[in-house]
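Trainee: Okay, here's what each chain looks like letter by letter:
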Amino acid sequence: MAKVPVQFRLNGSDRAAFADPADNLLTVLRRGLNDFGPKYGCGQGTCGTCSVLVDGELRLACLTLAASCEGASIETVSGMADGPNLHPLQQAFMEHFAAQCGFCTPGMLTAAKALLARNPNPSRDEIIDGIAGNICRCTGYEPIIAAIESVARGAAAGQRR
Amino acid sequence: MPLALRVAQSLSEAAGILAADSRTTLLSGGTLVMRDVNEGRLIEGTLLRVTDPAWRQIQVSGTRIELGAGATMAAILAHRELAFLHPAARAVGGPAIRNMATIGGNLFAETPYGDFAVALLALDAQVMVLAGYGSPRAVPIEEFLAGRARGEARLVASVQFNRPVAPGDFRFLKVSRVKPKGLSVLTIATHLPGSTSRIGQARVAYGAMAPLPVRARGVERALEGKALDAGGIAAARAAALEGTQPATDAIASDWYRREVLPVHLGRLLAGQS
Amino acid sequence: MMEFRKDLFSNERDDDLNVVGKGVQRQDAPGHVTGRSPFFDDHAFEGLLHLKVVRSPHPHARIRRIDISAAERAPGVKRILRGADVPVNRNTLLSLINFGKDDEPTLAVDKVRYIGEPIVAIIAESEAQALAARALVRLEYEPLPAVFDVEEALKPGAPVINDIYPGNYFEYHEKYDHQKLRFGDVERGFAMADHIVEDRYQMSPIEHAPTETNGSIAAPEQNDRFVVHSCAQGLFFSLGTAAKIVNLDSNRLHFIGGTVGGGFGGKVDSLTEPLSILGAMMTGRPVRYVLDREEEMLYGSPRGAERIYIKDGIARDGRILARQIRSYFDAGAYTRLSSYAAIKCTAHLPGPYTIPNVASDIYVAYTNRCPSTAMRGFGITAVDFALEVHMDKGAEACGLDPMEFRILNAYRDGDMKAHRRVAKNTALIECVQVAAEKARWPISDEARRQSSLTGGGGARAEIPATPIDENGRINRPETRGGRPTQTLPAGTMRIPLTKQPIMEGSTENRPKAPAVPQYEPYRPAAAAPPPPAPAYTPPPPSAPPPAPAPAAAPSASPAPASQHGAHRFSSVFGTRRR
Chain A
1 MAKVPVQFRL
11 NGSDRAAFAD
21 PADNLLTVLR
31 RGLNDFGPKY
41 GCGQGTCGTC
51 SVLVDGELRL
61 ACLTLAASCE
71 GASIETVSGM
81 ADGPNLHPLQ
91 QAFMEHFAAQ
101 CGFCTPGMLT
111 AAKALLARNP
121 NPSRDEIIDG
131 IAGNICRCTG
141 YEPIIAAIES
151 VARGAAAGQR
161 R
Chain B
1001 MPLALRVAQS
1011 LSEAAGILAA
1021 DSRTTLLSGG
1031 TLVMRDVNEG
1041 RLIEGTLLRV
1051 TDPAWRQIQV
1061 SGTRIELGAG
1071 ATMAAILAHR
1081 ELAFLHPAAR
1091 AVGGPAIRNM
1101 ATIGGNLFAE
1111 TPYGDFAVAL
1121 LALDAQVMVL
1131 AGYGSPRAVP
1141 IEEFLAGRAR
1151 GEARLVASVQ
1161 FNRPVAPGDF
1171 RFLKVSRVKP
1181 KGLSVLTIAT
1191 HLPGSTSRIG
1201 QARVAYGAMA
1211 PLPVRARGVE
1221 RALEGKALDA
1231 GGIAAARAAA
1241 LEGTQPATDA
1251 IASDWYRREV
1261 LPVHLGRLLA
1271 GQS
Chain C
2001 MMEFRKDLFS
2011 NERDDDLNVV
2021 GKGVQRQDAP
2031 GHVTGRSPFF
2041 DDHAFEGLLH
2051 LKVVRSPHPH
2061 ARIRRIDISA
2071 AERAPGVKRI
2081 LRGADVPVNR
2091 NTLLSLINFG
2101 KDDEPTLAVD
2111 KVRYIGEPIV
2121 AIIAESEAQA
2131 LAARALVRLE
2141 YEPLPAVFDV
2151 EEALKPGAPV
2161 INDIYPGNYF
2171 EYHEKYDHQK
2181 LRFGDVERGF
2191 AMADHIVEDR
2201 YQMSPIEHAP
2211 TETNGSIAAP
2221 EQNDRFVVHS
2231 CAQGLFFSLG
2241 TAAKIVNLDS
2251 NRLHFIGGTV
2261 GGGFGGKVDS
2271 LTEPLSILGA
2281 MMTGRPVRYV
2291 LDREEEMLYG
2301 SPRGAERIYI
2311 KDGIARDGRI
2321 LARQIRSYFD
2331 AGAYTRLSSY
2341 AAIKCTAHLP
2351 GPYTIPNVAS
2361 DIYVAYTNRC
2371 PSTAMRGFGI
2381 TAVDFALEVH
2391 MDKGAEACGL
2401 DPMEFRILNA
2411 YRDGDMKAHR
2421 RVAKNTALIE
2431 CVQVAAEKAR
2441 WPISDEARRQ
2451 SSLTGGGGAR
2461 AEIPATPIDE
2471 NGRINRPETR
2481 GGRPTQTLPA
2491 GTMRIPLTKQ
2501 PIMEGSTENR
2511 PKAPAVPQYE
2521 PYRPAAAAPP
2531 PPAPAYTPPP
2541 PSAPPPAPAP
2551 AAAPSASPAP
2561 ASQHGAHRFS
2571 SVFGTRRR
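Each protein sequence line maps, in turn, to chains A, B and C.
Following this note's numbering, the residues of the first sequence are numbered contiguously, the last one being 161.
Following this note's numbering, the residues of the second sequence are numbered contiguously, the last one being 1273.
Following this note's numbering, the residues of the third sequence are numbered contiguously, the last one being 2578.
Chain A extracted, bound-state conformation (with noise of 0.2 Å):
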């Protein structure tokens, strides 16, 4: 059968991999690169939990046609700490308890990146809107929200680590 290659940066390194034409981007980047970060949570777009960076914007890897991304920089969870610094929002996850059984949670700090890439000062809806296509069956949203509204507001007064 005929695979065929795709390349793009991941979390800042080249990569290659051989796919199947039809692949989504998550298979390729779980089983073609190891990069297990994203979950595979519904395959439907309802979870969130597969959540990604596509050039700076906010995917869905699981309904990403793979191929697709010939080229483009992808983020995933794996990246976002600076080697053994954390990223204020994964120590703000930490701190608010927002991550109980963790399967979301990969989704939910990547879709948070993004929403304070664009709007580094969310209001609480704004913020509840930002996570709002990403599903937690443990916490009921409530200290996810505290954690990502920590950050900026911390980011807001300049206090950013």
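These are computed hints drawn from the structure, not numbers from a lab.
Errors might be hidden in some of the hints.
As the list claims (entries may be wrong) - Residues on chain A that point at chain B, a partial pick, calculated with CB under 8 Å:
no., residue
1, Gln44
2, Gly71
3, Ala72
4, Met94
5, His96
6, Asp129
7, Ala132
Claimed, not checked - Reference excerpt, derived from the structure (chain B facing chain A, CB under 8 Å, subset only):
no., residue
8, Ala1004
9, Leu1005
10, Gln1009
11, Leu1027
12, Gly1030
13, Arg1035
14, Leu1047
15, Ile1097
16, Met1100
Unchecked claim - Coverage of chain B stretches by chain A, computed from C-beta distances (three or more under 8 Å per stretch; other residues unrestricted):
no., segment
17, 1037-1043
18, 1256-1262
Nothing here was measured: the structure is a model prediction, and the numbers come from that model.
Just so it is clear, CB atoms sit at the ideal spot from N, CA and C, and this is done for glycine as well.
Start from chain A and add chains B and C according to the hints.
Mentor: For chains B and C alone, coordinates are given in the frame of chain A:
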């Protein structure tokens, strides 16, 4: 044989490929087609991508608006001149879905999806379709949706419609159980020219109240020549259910949809939504 | 924010807790926020194969023919499994503790009993190839009449759903068709009551919907073992289940798990592990079997739907004199954990109230629905909902405030529960008092002065005479509703078992037989002993319930009782008062 992939550089090339091979499926934002692939409903044939930048263009010239079928909900939300459409674009999924889902794809989304198509129906949009090589042909959206129900697959190049004269003439409401993002219990879009005085040429459309987005012709007649006062709204509410045939699905029963539709319609018309 | 009411029962514990009430970082948090926590699917294997199953489109049908010839020839297909390939193709989860009969196939052979039941498993090089081959499996069915209602299923002549249990009910100890609880005489209680409140409650099945769907990866490992990355909530439970089904010694399975992407009870059924392991055994390669979301929603076991009938007899002053409960648990087509749910439910009845006459009959019925399983308090939550709604209706019937009605009937330390166990560590009164305070719901000063620590025991600790059926046995379906024939005398703690376990270390190798109670003939006498006096007198009935108070009500501060100070260790509750 596994799914193959083809890429068309231009819309006319895409139209040619689609016309030549009935087993080719156009892939737009991916939110519908990739789901079918992931769940094993689409297992053979060819996926077709279109890279033509014209397909994603949004043009606003005077009163006429043209949205490329490949334009995303996020692109509409980023367009200041399309503020009246922002509630409809925001009704489609969360931020990631809005970055992916397209105008054209929404025209093919089956109930209870397809909220944006309800807005386009109320705006009396013309769907520009390509069948084989040649230039696009304008099809009224009602006719287009009826064709979709018959299984007709045509390449949509763009949708065109006139901008509402006053911002308040166009209103949109999606009712869902999960907030802020959930499937549609029902969706209402109204285009009421003259809503500040006497309404003329009213167009009201529903989503999730029938197998396809439908016009509420009873409401349109009831509002003709009326003002949006208590009397006009009461008349609209009384006619709200004409022509509806809602389904019972995981979101709501047909009974529930019929019960709440007049209430939400009344609130939308009264500006209380 | 969380609040600790340390004023309650303050003299009953040491206030030296090191962790409770303090923020402590979870040890798995760094893994979660960096995406490095290893869920079952986060493992790379060279040569990984993917398994997809063909499922029944019918709720009940005979399988006439399974034709896999076209699917076998499909690109990428490595192996196709049918029922005959499963070494032990009939299991029930609780067989690991010798409870219930094996009743569920891993892959259906002759019949399908619910929509979504697995029939054929396809193992291919990629998910897409497995899905494509799945469409090539040809099946012929002969549809059979289906039953979807629990009470219809128990009617004589209903189609047999689960052939292992031809009466369409789970058989407890191979002889009883339901779980029974008898305490006192509810018929006498109803005869003495001023109000009879009766209603029916119907629950819906509920899907756990974890963000991670059920799945597993199994791979040949060194030393002739198989490594299994599993989402199981009970890893060793799953190991035992899988070892039985694939017929391997359990020491040949190396289960790795514990990092679960949400379970809520829905990951105890070993839905995928046996087929993953079997696939790895058959192909010699790693095999991954993950439910997609639609499969998870439609065919992953839900919380079972329960139908509950409650009848209360209530005195004019608000005391509940008798409570009768009849409930039907919808097991779906196979047992899974429903048999256990009915036991839990029975153990929970009649709720946290002291009621002198209690009777309950809890049935587990088979229907042509998806088998149901564990979920967060299954067996308890639904009946609690019904009981508490019923408490509100009872309060309304006798014109009492619902909070006062609960405090009046709440169990207290020293009361006898319907299971013939003395109630201890009770705290319902305090819970209701705090709830009323938080809701700014005014209750009487007298209600505010009540305490779980006082007023219990005495007459409330007595075991009443209890009418029972022939030999203490449960009637078969055809004779359900038969009249009681004997009475268990007042004060009887337990009915002796006919068989006793052989106890290790005992001198004669058998335990001492408990005292056998003498049965008395049942006399449906009208002259009944008066029920115990009420613990307190609630305010006189008032027609409309009081409106919430505008300002904060004074805080409840029940007087601590000095006689309760001793510490006692319980493995469940830790150190608490006796």
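Trainee: Now look at each hint and say whether the structure bears it out.
Mentor: To see whether the hints hold, each was checked on the structure:
1. Because the closest C-beta pair between Gln44 (chain A) and chain B is about 4 Å apart, less than 8 Å, the hint holds.
2. At about 12 Å, the closest approach between the beta carbon of Gly71 (chain A) and any beta carbon in chain B exceeds 8 Å, and the interface hint on this residue is violated.
3. Contact between Ala72 (chain A) and chain B, as hinted, is not supported at the beta carbon level, the nearest pair being about 13 Å apart and thus beyond 8 Å.
4. Because the smallest distance between the Cβ of Met94 (chain A) and any Cβ of chain B comes to about 24 Å, over 8 Å, the interface hint for this residue is violated.
5. The beta carbon of His96 (chain A) is not positioned within 8 Å of any beta carbon in chain B (closest approach about 21 Å), and the interface hint is therefore violated.
6. Hint status for Asp129 (chain A) relative to chain B: holds, with the closest Cβ pair at about 6 Å, below 8 Å.
7. Checking Ala132 (chain A) against chain B by beta carbon gives a least distance of about 4 Å; that is within 8 Å, so the hint holds.
8. Given hint, Ala1004 (chain B) at the interface with chain A, holds; its Cβ is 6 Å from that chain's nearest Cβ, closer than 8 Å.
9. Because the closest C-beta pair between Leu1005 (chain B) and chain A is about 4 Å apart, less than 8 Å, the hint holds.
10. Annotation: Gln1009 (chain B) was flagged as interfacial toward chain A, and the flag is violated, the nearest CB pair being 14 Å apart, outside 8 Å.
11. Evaluation of the Leu1027 (chain B) hint against chain A yields a held restraint, the C-beta minimum of about 6 Å falling below 8 Å.
12. For Gly1030 (chain B), the interface hint holds, since its Cβ comes within 8 Å of a Cβ in chain A; the closest pair sits about 5 Å apart.
13. Satisfaction of the interface hint for Arg1035 (chain B) is found here, the shortest Cβ-Cβ separation to chain A being roughly 4 Å, below the 8 Å cut-off.
14. With 8 Å as the threshold, the beta carbon of Leu1047 (chain B) comes within range of chain A, its nearest partner Cβ sitting at about 6 Å, so the hint holds.
15. Hint on Ile1097 (chain B) holds. Least Cβ distance to chain A is approximately 6 Å, under the 8 Å limit.
16. The interface hint given for Met1100 (chain B) holds, since its Cβ lies 6 Å from the closest Cβ of chain A, which is under the 8 Å cut-off.
17. Counting residues of the segment 1037-1043 of chain B whose C-beta lies closer than 8 Å to any C-beta of chain A gives 3; at least three are required, and the coverage claim holds.
18. With a threshold of 8 Å between beta carbons, the proposed coverage of the segment 1256-1262 of chain B by chain A is violated, since 0 of its residues qualify and at least three are required.
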